[in-house]
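Line by line, the protein sequences are chains B and Z. Each residue of the first sequence is one higher than the one before, starting from 1 at the first, in the working numbering. Each residue of the second sequence is one higher than the one before, starting from 1 at the first, in the working numbering.
Calculated from the structure, these hints are not laboratory results. Glycine residues also receive a C-beta, built at the ideal position from the N, C-alpha and C atoms. The reader is advised that the hints may include incorrect statements.
[Said to hold, decoys possible] Covered stretches of chain B (chain Z as the covering partner; in silico rule of three or more C-beta atoms under 8 Å from a C-beta of chain Z):
1. 217 to 226
2. 229 to 240
[Stated by the list, open to error] Here are the computed lysine-lysine pairs in the DSS-like style, where the Cα-Cα straight-line distance is at most 30 Å:
3. B:231 x Z:128
4. B:86 x B:183
5. Z:77 x B:231
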Amino acid sequence: MWKTVVRRFLIMIPQLFVLSLLIFIMAKNMPGDPFTGKITPETDPARIEELRELNGLNDPWYEQYARWVGNAFQGEFGNSYTYKVKVSTLIGERAMNTFWLSLLTAVMLYAIAVPLGVLAGRFHNSWFDRGVVLYSFISYAIPTFVLALILLYFFGYKLQWFPTTGSVDVREVPGSAGYYISKIYHMILPAFTSAVLGTVAIIQYLRTEVVDAKSMDYVRTARAKGVPANKVYSKHIFRNSLLPVAAFIGFTITGLLGGSIFIETIFAYPGMGQLFISSIASRDYSVITALVMLYGFLALLGSLLSDIIMSIVDPRIRIE
Amino acid sequence: MKTSEELLVIKDLHTGFRIKDTYFDAVDGVSLTLRKNEILAIVGESGCGKSTLATSIIGLHDHNKTRVQGEILFKNKNLAKLGEDEFNDVRGIDIGMIFQDPLSALNPLMRIGEQIEEGLIYHTKLTKEQRVNRVFELLTQVGIPNPQRVARQFPHQLSGGMRQRVIIAIAISCKPQIIIADEPTTALDVTIQAQILDLLKDLQAETGSGIILITHDLGVVAEVADRVAVMYAGQIIEEAPVEELFNNPKHPYTRSLFNSIPQMNSDGKKLNVIEGIVPSLLKLPRQGCRFSPRISWIPESAHEKDPVLHEVAPNHFVRCTCYKEFYFKGEEGGRA
Ligand SMILES: Nc1ncnc2c1ncn2[C@@H]1O[C@H](COP(=O)(O)OP(=O)(O)OP(=O)(O)O)[C@@H](O)[C@H]1O
Ligand code: SF4
Ligand SMILES: [Mg+2]
Numbered sequence: 001m002w003k004t005v006v007r008r009f010l011i012m013i014p015q016l017f018v019l020s021l022l023i024f025i026m027a028k029n030m031p032g033d034p035f036t037g038k039i040t041p042e043t044d045p046a047r048i049e050e051l052r053e054l055n056g057l058n059d060p061w062y063e064q065y066a067r068w069v070g071n072a073f074q075g076e077f078g079n080s081y082t083y084k085v086k087v088s089t090l091i092g093e094r095a096m097n098t099f100w101l102s103l104l105t106a107v108m109l110y111a112i113a114v115p116l117g118v119l120a121g122r123f124h125n126s127w128f129d130r131g132v133v134l135y136s137f138i139s140y141a142i143p144t145f146v147l148a149l150i151l152l153y154f155f156g157y158k159l160q161w162f163p164t165t166g167s168v169d170v171r172e173v174p175g176s177a178g179y180y181i182s183k184i185y186h187m188i189l190p191a192f193t194s195a196v197l198g199t200v201a202i203i204q205y206l207r208t209e210v211v212d213a214k215s216m217d218y219v220r221t222a223r224a225k226g227v228p229a230n231k232v233y234s235k236h237i238f239r240n241s242l243l244p245v246a247a248f249i250g251f252t253i254t255g256l257l258g259g260s261i262f263i264e265t266i267f268a269y270p271g272m273g274q275l276f277i278s279s280i281a282s283r284d285y286s287v288i289t290a291l292v293m294l295y296g297f298l299a300l301l302g303s304l305l306s307d308i309i310m311s312i313v314d315p316r317i318r319i320e
Numbered sequence: 001m002k003t004s005e006e007l008l009v010i011k012d013l014h015t016g017f018r019i020k021d022t023y024f025d026a027v028d029g030v031s032l033t034l035r036k037n038e039i040l041a042i043v044g045e046s047g048c049g050k051s052t053l054a055t056s057i058i059g060l061h062d063h064n065k066t067r068v069q070g071e072i073l074f075k076n077k078n079l080a081k082l083g084e085d086e087f088n089d090v091r092g093i094d095i096g097m098i099f100q101d102p103l104s105a106l107n108p109l110m111r112i113g114e115q116i117e118e119g120l121i122y123h124t125k126l127t128k129e130q131r132v133n134r135v136f137e138l139l140t141q142v143g144i145p146n147p148q149r150v151a152r153q154f155p156h157q158l159s160g161g162m163r164q165r166v167i168i169a170i171a172i173s174c175k176p177q178i179i180i181a182d183e184p185t186t187a188l189d190v191t192i193q194a195q196i197l198d199l200l201k202d203l204q205a206e207t208g209s210g211i212i213l214i215t216h217d218l219g220v221v222a223e224v225a226d227r228v229a230v231m232y233a234g235q236i237i238e239e240a241p242v243e244e245l246f247n248n249p250k251h252p253y254t255r256s257l258f259n260s261i262p263q264m265n266s267d268g269k270k271l272n273v274i275e276g277i278v279p280s281l282l283k284l285p286r287q288g289c290r291f292s293p294r295i296s297w298i299p300e301s302a303h304e305k306d307p308v309l310h311e312v313a314p315n316h317f318v319r320c321t322c323y324k325e326f327y328f329k330g331e332e333g334g335r336a
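Just chain B, with the same shape it has in the complex:
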C-alpha cells in the first residue's frame, strides 16, 4: 500500500503543475495589479512604473511564471504586497489557526451527526426520527451567515459566554496553558456553527444507509443466527452504514482545512479563508496564487486520504 501512496504523490506533481499554470495565467489576467489601488492623483506615474519594473511585473508572463515556480519549490511564494511579510510566513500562521479550527469542527461534526443519523435510521419513522428530520430541514435551509450571526448574538453578545472575534486573547503569553485554553475557547463558537451546518449531509446519508441496511440479506442472516437485535445493529448494520461516511472523511477534512470563508470572516477568525477573501480584495497575487495552489493540493490530498481510509475500513477495496 505504501508504494501506492508514494506513486499517488508522484502523480500529484504533474497535476499540480497544470493547476499552477492555470492559476498563474488567471491571476495575471485579472484586471489591475497590486499598485492599482495605490494610485492617487498625487502619485507620480513614473514611480508606479518604476515599482512595477522592480517587482518584475513588466516581464513576459512566462518569465514571471518560471520565477514563481522556481521559488515555490523552495517553499518561497514571494512577499505579500499588502502585509509586507513573506507569503509563507503569512499563510503558515493562518494555516495553523485553520488547522485547529478544522480539527475541532470535524470532531463536533461527527460527534453530533453520527449518533443522530444512526439513531434516526434505527428508529425510522419514530418521533425521534421526525425530530431529526426537522432539525435537518432547518439547518439545511438556514444560511451560514444567519446561523453564525444568531449564535454570535446570543452566546457572544447577549450571554457573553464566548468571545466574538479573534483566535486568542492577546493578553495571554504564547506557550502558557492559558494561551492554549484561550485558543480553544475562541474556536468553540465558530467550530460549532460550521459543524452544525455540515451535519445535515452526514445525518441524512447515515439515516438512509441504516434504513437500507436493515433489509439487507446479511442482516437477515444475522437475525437467522439468533443474534440479539442490539448486536445486529452494532455489529452488522452500523458498521456497514458508516462505510460511505468514513470514505468521505478525507474530503471533509481537507474541505474544512480550506477554511470556511463565511465563518472565519463573521467570527473575525484569522484563518486561511479570511486571508483568501482579503487578498482577493487587495489583489495580493502572491498570496492568492499560493492559497489556490494550497487548496488544489489539499483537494488532491483529500481524495488520496479517502482512498487510504477506504482501503483500511473496507476489506473489498485494496489499493494496488
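Model the placement of chain Z with the ligands on the given structure of chain B, informed by the hints.
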C-alpha cells in the same frame, strides 16, 4: 417413505403483509408437517408464497408489518405467536436457515470465521478457543479445505460455491433440528448445485434433522426430496411423497409444472396450456378457487365452491376434485 417423529406441525397458517393498513395474506391457510430425517420440498412458481412460508417459520419477517395467524407447533411452542426477541431462542439453535444468494447473505466486512462463530456466542457456553475450534470443524464438515485460512478470509475472496458452504456451516453451527433452505442452489453453477445438494443430503443423514427445501427446480426435487408440497397463490394444491407425485401428478397445476402436457397438437395449433402468472397479492381472489381463471375453458360446474385437500392415494393430497374433470384440449379423453 420414512415414517418418524413429527418435528414441526403447521396448521392453517396465514401470513399477511400490511399494505396501507390492510393485511394481504401471502400464505393463506397452509397446513404441513415436517418429520425427522426427511427432506420436504416446497415447489411453486415465483410469488406463490414459498419464502413467506419459510420466514414465518423462523420469524424473519418484519414483525411490525406482518401478521402471522394459525399454528406453527414446534417443541410444544406455537412459533406463530412469538415476537422478534423471543424468536432469538429458536433461530440459529433449533432452526437454521440457508439462503439463496450466498454473496449478499454474508456480511462483507466480517471475516468468515467471525460470521460462523457469531451464532455460537449467543447460543452456546463454549469458550473462545472452543468456538474457534468448532468453526474449523464446521468448515471441514461442509467440505472447505484449509479451514484455518478460510476462516480469516472475507466473503468476496471466496467463490459462490464456497460461500454457500459457509452459509450452510452457519446454519448448522448449533446443530438445529430443522433446516430451512430457500432456493439454496438457484444462484450457483450447475456443477456446484449438485455438490451443494449432496452436502445437504449428507448433513441430513448425519444429523437426522428435518429439512424444508424450497425450490422451483423439479430436478432438484427429484434428486433430494422425500416429500413434495406444491404451492399455488399462497395455498398448497398438492402434496405427496416424491415418487408418487412424479408418477402420478393430479392437479392441473402440478401437471403443468411437470410440463407433461403437449405444447402443440399435431396440426400445429396452439393448445390451451396454462398461461398467465400467479396473480399479485392485492389481486388474489380470496373466495373460491384461485386457479380457475387460468383454466378458463373448464366449465363452471366443474369447480368446487371452496376447494379443500382430498386424499386420493395414501399420503397424496390434492386440492379439489377438478383433476377428474380436468383436461387440456387435445389431451387424451378431453372434450373439445
Ligand atoms: N415484505 C413484503 N411486503 C409485501 N408483500 C410481500 C412481501 N414479501 C413478499 N410479498 C409478496 O408476497 C407474495 C409471496 O412472496 P414470496 O417471496 O413468499 O414468494 P416466493 O414463492 O418465495 O417467490 P420466489 O420464487 O420469487 O422467491 C408475492 O406476491 C410478494 O410480492
Ligand atoms: S376444479 Fe377445483 S382446483 Fe381446479 S380450478 Fe376449479 S376449483 Fe380450482
Ligand atoms: Mg422466494
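Checklist entry - Hey, residue 77 of chain Z versus residue 231 of chain B, does the alpha-carbon distance stay inside 30 Å? => result Judged against 30 Å, a Cα distance of about 25 Å means the pair holds.
Next on the checklist: What's the verdict on residue 231 of chain B and residue 128 of chain Z, does the C-alpha distance respect the 30 Å limit or exceed it?
Outcome noted: Holds, because 18 Å separates the two Cα atoms, which is no more than 30 Å.
Next on the checklist: Taking 8 Å as the Cβ threshold, is the statement that the segment 229 to 240 of chain B is covered by chain Z upheld or broken by the three-residue rule?
Outcome noted: Holds: 6 residues of the segment 229 to 240 of chain B have a Cβ under 8 Å from chain Z.
Next on the checklist: Against the 30 Å threshold, does the CA-CA distance of residue 86 of chain B and residue 183 of chain B hold or violate the hint?
Outcome noted: 24 Å, holds
Checklist entry - Against chain Z, does the segment 217 to 226 of chain B show at least 3 residues with beta-carbon separation below 8 Å? => result holds (count 9)
The structure fails none of the hints (numbered hints given earlier).
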